[in-house]
Amino acid sequence: MKRLFSGNEAVARGAFEAGVQVAAAYPGTPSTEILENIAQYPQIYAEWSVNEKVAFEVAYGAAVAGKRALAAMKHVGVNVASDALMTAAYAGVNAGMVLVSADDPGMHSSQNEQDNRYFARFAQIPMLEPSSSAEAKAFAKLAFEISEAFDTPIMLRMTTRICHGRGVVELEEPQPVRTRPYVKDPQKYVMMPANARVRRTVLLERMRRLAEYSETTPLNRVEEGDAEIGIITAGVSYTYAREVFPNASFLKLGMTNPLPMRKIAEFISRHRQVYVIEELEPFMEEQIKAAGLNVRGTDLQSTAGELSPDVLRRRFFGTVPKKAAGNDLPARPPVMCAGCPHRAVFSVLRKHRAVVSSDIGCYTLGALQPLNAIDSVLCMGASIGMAQGYARVLEPDRPVVAVLGDSTFIHAGIPALVNAVYNRVKMTVVILDNRITAMTGHQENPASGKTLQGEQVPVFDFEAVARAVGAAYVRTVDPIETEALERAIGEAIACDGVSVIIASRPCALVDRHQYTGVMMIDKDTCSECRLCLRIGCPAMSLRDGSVVINPDLCFGCSLCSQICPKESIHRTRVNVEG
Amino acid sequence: MAETINVLIVGVGGQGIVAASNVLANAALAAGCDVKQSEVHGMAQRGGAVSSHVRFGTAVHSPVIPLGEAQFLLSFEKLETLRWLDYLADDAMVIVNDYRIDPITVAGGKAEYPADIESRLASSGYGTLLIDGMKKAEAAGNFKSVNMVLLGVLAARLDLPIDTWKSAISRRFSGETFAVNWRAFELGRAAGLNAEP
Ligand code: SF4
Ligand code: SF4
Chain R
1 MKRLFSGNEA
11 VARGAFEAGV
21 QVAAAYPGTP
31 STEILENIAQ
41 YPQIYAEWSV
51 NEKVAFEVAY
61 GAAVAGKRAL
71 AAMKHVGVNV
81 ASDALMTAAY
91 AGVNAGMVLV
101 SADDPGMHSS
111 QNEQDNRYFA
121 RFAQIPMLEP
131 SSSAEAKAFA
141 KLAFEISEAF
151 DTPIMLRMTT
161 RICHGRGVVE
171 LEEPQPVRTR
181 PYVKDPQKYV
191 MMPANARVRR
201 TVLLERMRRL
211 AEYSETTPLN
221 RVEEGDAEIG
231 IITAGVSYTY
241 AREVFPNASF
251 LKLGMTNPLP
261 MRKIAEFISR
271 HRQVYVIEEL
281 EPFMEEQIKA
291 AGLNVRGTDL
301 QSTAGELSPD
311 VLRRRFFGTV
321 PKKAAGNDLP
331 ARPPVMCAGC
341 PHRAVFSVLR
351 KHRAVVSSDI
361 GCYTLGALQP
371 LNAIDSVLCM
381 GASIGMAQGY
391 ARVLEPDRPV
401 VAVLGDSTFI
411 HAGIPALVNA
421 VYNRVKMTVV
431 ILDNRITAMT
441 GHQENPASGK
451 TLQGEQVPVF
461 DFEAVARAVG
471 AAYVRTVDPI
481 ETEALERAIG
491 EAIACDGVSV
501 IIASRPCALV
511 DRHQYTGVMM
521 IDKDTCSECR
531 LCLRIGCPAM
541 SLRDGSVVIN
551 PDLCFGCSLC
561 SQICPKESIH
571 RTRVNVEG
Chain V
1 MAETINVLIV
11 GVGGQGIVAA
21 SNVLANAALA
31 AGCDVKQSEV
41 HGMAQRGGAV
51 SSHVRFGTAV
61 HSPVIPLGEA
71 QFLLSFEKLE
81 TLRWLDYLAD
91 DAMVIVNDYR
101 IDPITVAGGK
111 AEYPADIESR
121 LASSGYGTLL
131 IDGMKKAEAA
141 GNFKSVNMVL
151 LGVLAARLDL
161 PIDTWKSAIS
171 RRFSGETFAV
181 NWRAFELGRA
191 AGLNAEP
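Protein chains in written order, with this note's numbering: chain R, 1 to 578; chain V, 1 to 197.
In short, the hints are calculated from the structure, not lab data.
Think of the CB as a built atom: it goes at the ideal place given N, C-alpha and C, for glycine as much as any other residue.
Among these hints, one or two may not hold up.
Unchecked claim - Partial pick of chain R residues on the chain V-facing surface, computed with a CB cut under 7 Å:
#1 19
#2 239
#3 240
Could you build the full structure based on these sequences and the hints that come with them?
Written as structure tokens, this is what we have:
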């Protein structure tokens, strides 16, 4: 049966067909749908772990214990998991273990563009790179075979266009689930120095055997064409190159660590000019050149940004596409939704002239116009850590505030909070608790009280945790009650020590009916001061110089009416459908 | 089907663009085509500009449409139409939902919503259909099925059998929601068949 699958759905299907039994992940665009789709197969245990390191360890433990397992994450998630990965490569697996890294060239929804192919090389594990949904499924299955045959974790590296692109996939029957017996083997699995030294030589020998495999596997294939131009490529870059060079010869690599150097040399020798076409870093090009072979690559390509057929045409042929009407158009940046509970927190923080370090989530958009409320964003959990550095350096009367989401706090905020209390910093942490991991498309987390596969569990108690680690001031407030929120933030900032505010209110998109009616502006009393526009709600706009609320978009959260000095904004019962 | 048909679907996050492109891609699959589709998720969904590429034909390589090669632009918001004109082939057809959503830059008074969209489109030289999608969707039973109205207009211009559309829409919606969406699709298709260019 043929189906149209995204790359992520295809990986999930591949895992199912390969007989995977345990899958773990932390949500992150563009990887999130892999676990959401695996969770649909009741045969497989699937979980949202609290962070990527834990997800990797859960999957790895399951593989060592004897069942095929998968961990999925976005590229920056592998940074978090890398501590476990580096040593897991030494110990090896038992049943197959696949680490899916979903990279984001072009940074569609990421803070950097890191090329995780280097992680496979760094950890010395094999890596497969699919070029389509069909290959995503096939490679996911094959990855488990390779992992078992060579006793190693393996990386399946995807990129945004493969993850979220759809293509035709042929469904196959799942393989019967096999369990490998678990045998206690401390020399293999206890990585203390004496054992690790032995495993290091096992690792190096394994990589030599994998290099031989890379030479012969049909994953690395030649598509014969013109002898003038040869192209060495992999992943989504292959599809762009095929589009732009329909007549060239291709060495299409499905396994890119370790590279098949003899095959590459042979291909190069048969073509007059060979180009390496790859996205981001010159990962293949540098290795090929280091082997003394003659190819062209980065001299024609930039290492920044996503490739596309257009980018290749411009770089190789200098074709500059026509420019039509679109240059002078107003930009349309993303915004926090109408009715978003986070917006209120930022408008209060701005009043306090606080230095605000933030984390990764919808609330990062609080850095944009018109809120302009955020000073720094680095990575998950960094808000609390960085704020401690700010507090050591800035004038003591300057309020230092870290804001981060419920999921982010649990992911990487707790150790940083402990550090702040332990080292006696004066700072405030605002946990924006909307009970969901919203930015990635609304995944459950411990604060939602529900697991990935729908099991009810106790809701994570932020107050109790903050008190338990010794925070000096702890309050839970409803951010939509602006006055109470303002009072609490004032008290928290005045407090001499670590203060924690939990601003708790469900995400507007998850609980769409938490307010009744919508807001309307009474034009008889409105003075057109435009103060309400400063909260940046997308339901509000200026039309012909006058403030209006679009009833199709308004959620009725009342934030605008709480700000209006003329009390001109009122709730109406006229509820639009939907 | 020899050549590759490229449809670019654009609009604002939250308008049902991804759902529409999935239905189109599934209809093309049901018609026996090779299909590739891609869009960008993530931050762009929060009211930002969204675009989705759908390509189908005998064999499709790249999941993104090259500049100057889209035969159809399906736009869910007036201003967004102008943003993507570089993608259009010379003989392209533009289908525009007659609906305005102010970007936050316009809402805050920092930028102007262009007043001359229609004349710019007229002078662009492309065949343009301006469709009152919201009204038709409401007539079908829910303003949210505007995406099916626009797909219906497109369907009138594409060479895909009607059954393939029906199966693609029923794959996505069931029961009463399917009925509403199918009505919206039919209203759009009628408008597409009756329209001029
Ligand atoms: S998805 Fe939820 S948390 Fe994110 S911006 Fe929208 S309302 Fe706010
Ligand atoms: S009540 Fe005001 S702030 Fe809240 S969604 Fe409606 S317009 Fe926006």
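Going through the numbered hints above, which ones does this structure break? Give me the numbers in ascending order.
Violated hint (a single one): 1; every other hint is consistent with the structure.
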